[in-house]
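Protein chains in written order, with this note's numbering: chain S, 14 to 123; chain Z, 264 to 380.
Just so you know, these hints were derived from the structure itself, not from any lab.
It is possible that part of the hints are untrue.
Said to hold, decoys possible - Below, simulated DSS-like cross-link-like pairs (lysine-lysine); rule was C-alpha separation at most 30 Å, straight line:
#1 S/K83 x S/K69
#2 S/K83 x Z/K329
#3 S/K39 x Z/K277
#4 Z/K283 x S/K39
#5 Z/K329 x Z/K304
#6 S/K115 x S/K69
#7 Z/K283 x Z/K304
#8 S/K115 x Z/K368
#9 Z/K327 x S/K82
#10 S/K83 x Z/K318
#11 S/K83 x Z/K327
#12 S/K115 x Z/K327
#13 Z/K329 x S/K110
#14 Z/K304 x S/K110
#15 S/K39 x Z/K327
#16 Z/K318 x Z/K329
#17 Z/K305 x Z/K277
Just so you know, these numbers come straight off a predicted model, no measurement behind them.
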Amino acid sequence: SQQGEEDPQALSIQEGENATMNCSYKTSINNLQWYRQNSGRGLVHLILIRSNEREKHSGRLRVTLDTSKKSSSLLITASRAADTASYFCATDGRDDKIIFGKGTRLHILP
Amino acid sequence: GAVVSQHPSRVICKSGTSVKIECRSLDFQATTMFWYRQFPKKSLMLMATSNEGSKATYEQGVEKDKFLINHASLTLSTLTVTSAHPEDSSFYICSAHNPGQSNEKLFFGSGTQLSVL
């Protein structure tokens with residue numbers, strides 16, 4: 014069954030603005046990951062945050078994790094047209110399986 | 264990084280035929296690969312875990328006889344959709360961990376868009 018659930022499901026913002034996507038999950042985790050998917054393509058790993066971490070940065074990406082609320086957020090700063098894609102959070106489950114959320118479709122307007 | 268190659272990227276077939284999709288790890292050995300299915304604008308649903316040298320582990324609700332998985336070597340897993348029907352039309356994606364790097368991060372193939380007429 015699906016573990017993570019992102020919101021919003023779809024987000025359109027102007028180029029240059031910041032984009033924030035949220036993810037909630039149900040069970041305890043060891044880590045949470047964010048992936049990006051361009052239309053009709055495979056997924057690309059963006060960032061991993063462990064359960065004992067609260068915040069992590071990678072370039073224009075900032076991820077937070079609140080294990081008490083079972084939620085995470087992905088912030089993309091100074092968005093670009095090339096950031097248009099779907100973004101998924103993923104949590105580790107039983108037997109090394111990674112379970113994906115429903116995703117947020119991000120559209121950067123020129 | 265690590266490269267996972269998936270082939271074909273797109274296939275159109277007639278109802279009743281079987282389709283084989285290949286997933287290769289190009290620069291690492293993958294004892295475990297994962298097969299996902301994705302409907303338009305939806306998330307990835309894990310179908311099965313492919314284990315090298317042993318039987319695949321299927322998720323609940325996934326028909327083993329319908330979706331045959333073979334993981335004959337450390338670099339190749341195949342998914343065969345048998346007797347395909349229009350409802351099998353979907354985007355299929357494989358993935359693998361690179362044990363040399365991390366058992367947490369997944370590397371994905373580019374996906375296969377299956378259209379059954």
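Going through the hints against the structure:
1. Distance hint between S/K83 and S/K69 is fulfilled; the C-alpha atoms sit about 16 Å from each other, no more than 30 Å.
2. Pair hint S/K83 plus Z/K329 does not hold up; C-alpha atoms about 36 Å apart against a cutoff of 30 Å.
3. The suggested pairing of S/K39 with Z/K277 is violated, with an alpha-carbon distance near 41 Å, which exceeds 30 Å.
4. A hinted pair counts as satisfied when its Cα atoms are at most 30 Å apart, and Z/K283 with S/K39 does not qualify at roughly 35 Å.
5. For the suggested pair Z/K329 and Z/K304, the alpha carbons sit about 24 Å apart, so the restraint of at most 30 Å is met.
6. For a cut-off of 30 Å, the pair hint linking S/K115 to S/K69 stands: about 22 Å separates their Cα positions.
7. With a C-alpha separation of about 24 Å, the suggested pairing of Z/K283 with Z/K304 holds against the 30 Å cut-off.
8. Note on S/K115 and Z/K368: the hinted pairing holds, with a Cα-Cα distance of about 18 Å set against a maximum of 30 Å.
9. About 37 Å separates the Cα atoms of Z/K327 and S/K82, which puts this hinted pair outside 30 Å; it is violated.
10. For the hint linking S/K83 to Z/K318, the alpha-carbon distance of about 34 Å lies beyond 30 Å, and the restraint is violated.
11. Restraint check: the Cα-Cα separation between S/K83 and Z/K327 comes to about 34 Å, which exceeds 30 Å; the hinted pair is violated.
12. For the proposed pair S/K115 and Z/K327, the alpha carbon gap of about 25 Å is at most 30 Å, so the pair holds.
13. For the hint linking Z/K329 to S/K110, the alpha-carbon distance of about 22 Å falls within 30 Å, and the restraint holds.
14. Between the alpha carbons of Z/K304 and S/K110 the distance comes to roughly 22 Å, so the proposed pair stays at or under 30 Å and holds.
15. Under the criterion of a C-alpha separation no larger than 30 Å, the hint pairing S/K39 with Z/K327 is consistent with the structure, at around 28 Å.
16. The straight-line distance between the Cα atoms of Z/K318 and Z/K329 is roughly 15 Å, inside the 30 Å bound, and the hint therefore holds.
17. Taking the CA atoms of Z/K305 and Z/K277, the gap is near 25 Å; set against the 30 Å cutoff, the hint holds.
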